[in-house]
Structure formats: C-alpha cells, structure tokens
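Peer 1: Here are the chains, one letter per residue:
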Amino acid sequence: MKTKILLAAATAGVMFAGSVLASTLDDVRARGKLNCIINTGLAGFAAPDDKGKWTGFDVDFCRAVAAATLGDADKVNYTTATGKTRFTKLAAGEGEILSRNTTWTFSRDVDLSQTFVGVSYYDGQGFMVPKALGVKSAKGLDGASVCIQTGTTTELNLAEFFAGNGMKYNPVPIETNAEAQELYKAGRCDVYTTDASGLYATMSSFDNPADHMVLPEIVSKEPLGPVVRHGDDQWADIVAWTLKAMMAGEELGITSANVKSLAGKDNKNKEINRLLGKDPLQGISKLGLSADWAVNIIGQVGNYEEVFEKNLGMSTPLKIARGMNQLYRDGGLFYIPPIK
Amino acid sequence: MSTQMYKPGSYPNLPPPPGTVGFYGWIRNNLFSSISNTLLTIVSVVLVYYLIDGIIGWFLFDAVFDADSKIECRKINDGACWAVITRRVGQFVYGFYPEAERWRINISFLTMFIAFAPLLYPDLPKRKWLLWFSGIYPFFAFILINGGFFGLAKIEYSLFGGFMLTVILGVTGIVCSLPIGILLALGRQSKLTVVRTLSVCFIEFMRGVPLITLLFVASSMLNYFMPPGTNFSILVRVIIMFTFFSAAYIAEVIRGGIQAIPKGQYEAADALGMNYWQTTRFITLPQALKISIPGIMNTFIGLYKDTTLVVVIGLLDPLGIGRAALADTKWNGLSTETYLFVALFFFVSCFAMSRYSLWLENKLNTENK
Chain A
5 MKTKILLAAA TAGVMFAGSV LASTLDDVRA RGKLNCIINT GLAGFAAPDD KGKWTGFDVD
65 FCRAVAAATL GDADKVNYTT ATGKTRFTKL AAGEGEILSR NTTWTFSRDV DLSQTFVGVS
125 YYDGQGFMVP KALGVKSAKG LDGASVCIQT GTTTELNLAE FFAGNGMKYN PVPIETNAEA
185 QELYKAGRCD VYTTDASGLY ATMSSFDNPA DHMVLPEIVS KEPLGPVVRH GDDQWADIVA
245 WTLKAMMAGE ELGITSANVK SLAGKDNKNK EINRLLGKDP LQGISKLGLS ADWAVNIIGQ
305 VGNYEEVFEK NLGMSTPLKI ARGMNQLYRD GGLFYIPPIK
Chain B
11 MSTQMYKPGS YPNLPPPPGT VGFYGWIRNN LFSSISNTLL TIVSVVLVYY LIDGIIGWFL
71 FDAVFDADSK IECRKINDGA CWAVITRRVG QFVYGFYPEA ERWRINISFL TMFIAFAPLL
131 YPDLPKRKWL LWFSGIYPFF AFILINGGFF GLAKIEYSLF GGFMLTVILG VTGIVCSLPI
191 GILLALGRQS KLTVVRTLSV CFIEFMRGVP LITLLFVASS MLNYFMPPGT NFSILVRVII
251 MFTFFSAAYI AEVIRGGIQA IPKGQYEAAD ALGMNYWQTT RFITLPQALK ISIPGIMNTF
311 IGLYKDTTLV VVIGLLDPLG IGRAALADTK WNGLSTETYL FVALFFFVSC FAMSRYSLWL
371 ENKLNTENK
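From first to last, the protein sequence lines are chains A and B. Quick note: the first sequence, position 48, residue 52 per our numbering, numbers continuous. Quick note: the second sequence, position 25, residue 35 per our numbering, numbers continuous.
For reference, chain A alone in the conformation it holds in the complex (with noise of 0.2 angstroms):
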C-alpha cells in the first residue's frame, strides 16, 4: 500500500514537473525549430520531393505554425510515425504538433488527453470504380467484389452502408494500399473504397487515370486536423488560430503575392488590417506572437486556397476538388470567427 501511494505520488510529482516547465511556445522558441509529427508518406499530404524536402498538405500547416511562431517557415524538424506510432510520439513530446491526416473522433479527443484544434480537411470515405463498369452510384453496387483494408474503420462503414442500403457485396481484404492498387489493377475486385483523398491519390498512379472515377457518394465522416497535447491552451490557440488565419487569409483575399503590400497600407476592411497586425489584434501578445504573425503565414507558406491548391487541387495530378473544403460563402464548411 504505501509503495503504492509512493509510486503514484511519483508518478503525479512527474508528470507535474512535466507541466510546469517552460510552456510548448518557450519551448519551440528555445530550441528555434518546429517539431511536427508528419505522415511516413501520404500523396498530396506528406512525402519528400527529390531533393529530400518534404512537402504536401500537412507539412505545409507545420511550415504555417513555424511561421507564426518563429517567423521561419523552414525551421521545422520533420518526424515521421505511423498510424499506431503517431499518438505515442506526441504523447512523449516528440513533437509539439501532430499534422498526419487524422480524424478527430470522440475518443481520440477525450480518450486519450488530446487537444484537436480546428479542422483543415474534410475526408469522407468513398468508393473507386473503372468507368467501364458504368456504375454511376454507389447505389448501384449491388453484388460488387470491394478490395477493403482490414481492421480499419473503412471496413465497417462499407459493410454498414451496404446493409443499409440493402445490398450485397464480396468484401476482398487486403493488408496496405500499395496492395490494393495492384489488385484492383488486375481486376480481381470491381471496387475500392477508402478515404476520398486516398482515392484521388491511387487514381493518380494509374496508367489512364481518366479511365476511372470516384463515386459521388461518401458514406463516413472523416475531418482531418491538426493535434496538440492537453494542458497547453496558449499553444492550442496559436495552432488554431494558424489555421484559421490560412482561412481568413482566403475570405480576406489575402495571398502570398499580395500580402507584403496589403500588410504596408491602410485597408478599407479593417479586418485585414486586424489580421496583419496594422490594428494589432487585442490579446496577440497573450499567444506570444508577434504583430506580424499572419503576415509571416500567409507570405511564406500561403492561404488556404493556395495550399489547397498547391498540394492536392485542380493543378495537381490528384485532381481533388474543393467540395466541403471551400469557405461557407462558397458552399463549404469552413466558417471562421470573425478576427477581432
């Protein structure tokens, strides 16, 4: 009993010593680099380029938040984890920001003591097809042959938006992606399903992609964000407010051509002014940032839309649309506080 007690109070005077030291933002500033737990390789979100960069979606928010608070987008040391290893290494302090597509559920926010701060891309699970098969809804896949990842949410919500819809289906387990890219090639299942950005980026490495498409159905909810550990509002708040600062920069019209000369002059709408600190923003200081943080932002790494476009869009051979991914005014989901 009284190990007990001692062990815990160890335990507690720990964790405790843990917690008062310097804050997460001291932290970043002491060391001068960023440390962000990214993706092994993700298309369109986290891989490196050939001179050893990496680059994607992901990695640009790591590259956002460095910005703001270091005013470097490039002081950044890159950790890489897998989809088991990722809340671990966070948990540990390996990185001060987790940014590796994952999906804000209940039990990862709550469960396990972490902070999701905002949302930065709404995933959705569908389902790929050759065009040949002239299905053009998931509707219509009665009695198809589905290769499906095993032991993976996916699974469930196929089966369960098949028994829904009351249809039947061969399920095809396969082990990674990699895997379901050949056997889908070779035929041997009708349909693959996983998340919709997983789909563009399988679609990509095809041949012919144009000779396939991805269904207009998405049967599961999967919003993408970045993480932080409990215990640090300031911190939480300055990734917050990163991303929405990227969003804003979009609805202001902010981009990273026009920012130095927006950030030098007095602008009709004041907002712009508040958000790249000619009115500095009441309680800036209480982030720790400095008045020129959006400024940093947006100039070095860009506002959404860029981003967006620059790592998964139109422009790029994953071809992915915006659908939820715009700002409310345009149809999507994304509705920021006001900047005041």
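A couple of the hints might just be wrong.
Unchecked claim - Okay, the calculated bits of chain B under chain A, using three or more residues with CB under 8 angstroms as the criterion:
(1) 92-100
(2) 220-231
(3) 340-349
Since the hints were derived computationally from the structure, they do not count as laboratory data. All figures in this text were calculated on a predicted structure; none of them were measured in a lab. Using N, Cα and C, we set each Cβ at its ideal position, and we do this for glycine too.
Please arrange chain B on chain A, whose structure you already have, making use of the hints.
Peer 2: Only chain B this time, still in chain A's reference frame:
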C-alpha cells in the same frame, strides 16, 4: 559393317562412335533423345526466349533511367522507370542527412571496412596495429555520424534514413549482440544459480516476444517510463532492442555449439589443471564458436533483414524511403521498381555475409572429413 580381325591382346583403344560424346553427344542424349524430348526442348527454348526478352527488355532496353516524373517516363518508353531510383539515390543511401555533411557518412562507411578487416581476416599483415583502430572505431564513427563534438554539426536522428540506417542498426546490433550472446550462453551453462537464472530469464523473455513488440516498446513505452525532458534518442532505443533480441538467439546458437563439444575435452582440460576461464578461453569457445558459425551467421542475416521492421515505428529505412518516394505524386505507382531496388540491396549485403561465413567455415575446418 566391315569386320576387322585383331590378334588376341592387341585390340587398339578405339575412339567412341562420333555423336555420342562431347558437345553434340550431350545435346543429343539430353535434349533430343526422343520425339517428345525434342518437342519439349523446342517449346522450352521459345518460352525462355520470350521470358528473358520480356524481362531484360523491361529491366534494361525499354527502361528509362532519367526523367522528371513517372508520366515523363511513360512518354519516353514503357519499360521500368528507374528514374525514381536515380533521382533519389541520395535519399535511399543517406536518408535526409544534410547533403553538405554526407562525407561524414562516407568516411565512416569506408573506415568501417578497415576496422572490420583485422577482425574478419586473421591472416592480415600488421593485424595488431589495425586492431587498435577497430577498438576506437565505434567512438570514431559515433562522433562522425552523430556530430556535436569537435565543431561537427549535431545531426538530428530524425534525419537518419535509407541504407545508412540499415547499416547502422544492422552492424551495431550484430557487433554488440555477439559478445552479449556468448556471455549469456556461458551464463546459461553456469553452475552459479543466480547467473544461470538471470540468463535463462533474459533469453526466454527475449525469444518469447516478437521483435515488433520490442520495437513498439522502444518507441512508445519507454517514453512513459522516463521523466519528461529526457532526450533518449529513439535510434539508441531501437539499437538496444535489436541487440538484446539477437543476443538471445545467438546465446542459444552458441549453447548448441558448447553442448556439442565431447565431454573428453573438458576432462582433458581438468587433467591439465586449467581453471574455468582457461578452459572457456582455450577449449570451449574456440570449438563452440567454430561449430556455431552457420547458426550465428543465420541469426545475423535474420537481424539485418529484420531492421526493415523499424518502418512500423516511423523510421525511414530503405523500405520506408521507398514508400515515401511512392507517396510523391510524381512517382506514385512505381512500386515494382522501388521494391526491386531495395530487395537488390538486401540481397547483395546478405549474400556477402553468407559467402564470408562459408569462407570462414572452410578456413577453420580441421575436422577429419
């Protein structure tokens, strides 16, 4: 048929009938001895021709060695697109190690052979001097690769990757696990209860747990045990796990060798008045190790290949680099080329190890065959 008479005892040695010996004879006997055999031969030759033609064509003649992306590759030719390898060969070899600092890896790698030479080849001239270098090599390599001393820039472990990571993990694991394995094997045979029990527990635990579990322990669990702020590189943690895992296997292999030594050897040692350490050094180990060479090498090759498992904890070994390359939208879909290249690397390294062990076996072979 003409008949010729010979006097008894004077038959000359006639040459065999033409067409039954030599090249033609062999071909006739083995490939065209009957109608069905002839047909089979022709069909096989045609098949082999098409296979080889297709494979070599894909590998070499129709292959593209330099292009900017997979799409460009396909425009140039329809064979393998090796551009994904040639464009990223630096990444495959060094991971994300900064380009300006890569000479440090090169020097470490080249001097590694100098350090290993006196250990691997006992007949080397000036062996004693070289052994000194072998002794300091681990520190030398650590300082060079890791940096942080003598004005060398410190390199973050997260930048390590590629073949360099495999070699670091593999070689360190192999070098450290052999002595630990020997000690464990001796400990397991020991008459001292505490030593024996500890050795048995360690060996059985390590052998009873999958390596991948140990890697997860290294990557996740250890973080919870250590106070926050301790910066205990994951690379070191993983190397320790690899070493322990392989040491347990080595211990069992060597134990097999020790038990294969006839009892008479020990009795002879006792009769000569040797103590335990003398017996171990001069009688037990030389024979036991020689017997266990194939088993030890087997374990080493296994360990070397198992280093690819680090990909599950997010370290980018060649396989991980390959996957990351495939995630680049420029190269997406070239999995065959990437995996073949990685396989080739592992085959070359493992085949070299296996050849060395054969050479050593033959060299040390004093058995009366």
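Peer 1: Does each hint fit the structure? Answer for all of them.
Peer 2: Here is what the structure says about each hint:
With a cut-off of 8 angstroms between beta carbons, the stretch 92-100 of chain B has 3 residues touching chain A; three or more are needed, and the interface restraint holds. Counting residues of the stretch 220-231 of chain B whose CB falls under 8 angstroms from any CB of chain A gives 3; the rule of at least 3 is met. Remark: the stretch 340-349 of chain B is confirmed as covered by chain A, as 4 of its residues place a Cβ nearer than 8 angstroms to a Cβ of that chain, reaching the required three.
Violated hints are absent here; each numbered hint is respected by the structure.
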